[in-house]
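2 protein chains.
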Amino acid sequence: MFELIKEDLSLLENMLLNATKSTEESINEIARHVTLAGGKRLRPALALLSARAGQNYSREKILPLATALELIHTATLAHDDVIDGADTRRGVATLNAKWNNQIAILGGDYLFAKAFSFIAKEHYDPYVNYRISDLISNLAEGEILQDTRAYIALKDVNVYYERIKRKTADFLEVATELGGFVAGITKSEQEAFAAYGHAIGMAFQVTDDVLDMEETSESLGKPAANDLVSGIVTLPVIYALNNSERSGELAAIVTDRHQTIEMAERAIEIVQKSGGIEFAKKEAARFLNEARDVLPDTIPKEVKKSFFMIADFIGERNF
Amino acid sequence: MFELIKEDLSLLENMLLNATKSTEESINEIARHVTLAGGKRLRPALALLSARAGQNYSREKILPLATALELIHTATLAHDDVIDGADTRRGVATLNAKWNNQIAILGGDYLFAKAFSFIAKEHYDPYVNYRISDLISNLAEGEILQDTRAYIALKDVNVYYERIKRKTADFLEVATELGGFVAGITKSEQEAFAAYGHAIGMAFQVTDDVLDMEETSESLGKPAANDLVSGIVTLPVIYALNNSERSGELAAIVTDRHQTIEMAERAIEIVQKSGGIEFAKKEAARFLNEARDVLPDTIPKEVKKSFFMIADFIGERNF
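Sequences listed follow chains A and B, in order.
Per our numbering, the very first residue in the first sequence carries number 325; after that it's consecutive.
Per our numbering, the very first residue in the second sequence carries number 325; after that it's consecutive.
Worth flagging that the hints you see were computed from the coordinates, not collected in a lab.
Among the clues, some could well be false.
Where chains are identical, the list cannot tell them apart; a pair therefore holds if satisfied intra-copy or between any two copies.
Said to hold, decoys possible - Result set (EDC-like, lysine to aspartate or glutamate): computed pairs, CA atoms no more than 16 angstroms apart in a straight line: (1) Lys-330 with Glu-626; (2) Lys-345 with Asp-458; (3) Lys-511 with Asp-449; (4) Lys-422 with Asp-471; (5) Lys-364 with Asp-621.
Take the sequences, apply the hints, and build the full model.
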């Protein structure tokens, strides 16, 4: 899937390490732990690929932006892990588990700042700064909304879509759009890339929410049914709340702040029987078709092929 | 002290409110609570004053930068309050106390992002972006160092100065320097302003650390002797560790992670008898003299007068 940018991604790994270098060994250790904890590098990959569609493509010019995007993503994960009290992510100990909440909060701030410092050094068009800072405030807003509206038996699918837009789709949109923007793609290509990133982002988060209901802790590297227990109502649950005969029982569980694992398992059973999971999978597939359809023929064939492969991957992923 | 920029500061209050406006009422409420919780507005005041020394001074140009500086300061305080588990600041409930840690972490991220988005909109010279992102990573580094080196009987005053440089002095330095920079002061004025900001910042933090030992919770609006109990060794304590006959007893207290209020009170007594507090006050006064001496005669008289008044205020403040 990332064949075209294999070398770019290996350079990215080096830049991630150098970006967070400090004169203090304790800070190096913290930064190294979190930046090397893995991940799919999806956001930088989207930027690196999309840049290859531009007339002014330069690897030197796009790599710092790609690095900044991954640093920002890592920062938000560090903060999310504090909020969720998560011990592991991708099977690796979180900052809050390996050190403490202080280190995870400050480590996240450090990575945010390093990302902006990377962008500032490159003298990109101010639009890049603007889009990225706007993205981060949207991410935070999305998470705040998720928190202030937890444990509510949500039936409105649009509220859910607005939340996952801010939480995930905006980020993939910005990554895909800015990569090409920096490399001088046309205005209409820029819009198409943004729409593509948005659509795969929506599909990605819907799939994530389905996996949280289907998978066990082991394959996910984080606790399963985490959303339910945390009071976060996702698409399969919304479907069941609207369509299941047992929607009253389900509503009682999702609004219960002292929900047990047994209750969560009963909720999952209700959702499964209602067809909510199939519905969510169909919605994800619909978003992926939107993503494929929006890509113009004016972009290089190999870039388009890679974008298609990413859409396929998101449709099939089970981890 | 802020007579010259009284009107600017009242415009700043409006901008702080508008800067954090969201389409979501819950986010407005959170942002309003934290930005209106008061504070001396020292950082924006320094930027607003210093800008008045520039040939290209424009109030419209400097206000967004001043707003961004206060937003960043507020963001770091929100995160600090989570880390310290503080319930009040300036006598007002903290975000973590009024809502929860989640809201305080995400609220801080939201304010950071809004600050960068403000700066991006103004199209300042990239040097502004660079200095500010570098400042934030330094702030986080300073706090991480404070955390990873807590509960150590520190005797080296230079380690302390390096820490408070990152924690406080860098911020006042950047505020004073960038205000003038944006308004076109000369290179040598820029250096002088940076040195002034640094020196008052050092004095400010030393004074803060003295107050933490001298004052009660009521006058500070936060728990007194907080540093000692948290394992943070400040200048008066370092002096006593080097000079008191009871330095062994003091070392045993400051390295004890289960320190009680009674132990902290005994430590304060040892520090007071050693002359550590007088020493720290003299050091603060020395920094303030450095600050006054470094200001050039080329800057407008009323700006210089205001800078002197700020130095006087920091020397005399007892809250």
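Here is how each hint holds up against the structure:
no. : hint                 : result
1   : Lys-330 with Glu-626 : within (13 angstroms within a copy, 60 angstroms between copies)
2   : Lys-345 with Asp-458 : between (26 angstroms within a copy, 13 angstroms between copies)
3   : Lys-511 with Asp-449 : within (15 angstroms within a copy, 26 angstroms between copies)
4   : Lys-422 with Asp-471 : between (25 angstroms within a copy, 14 angstroms between copies)
5   : Lys-364 with Asp-621 : neither (27 angstroms within a copy, 57 angstroms between copies)
Comparing the model with each earlier hint shows a violation of hint 5 alone; every other hint is respected.
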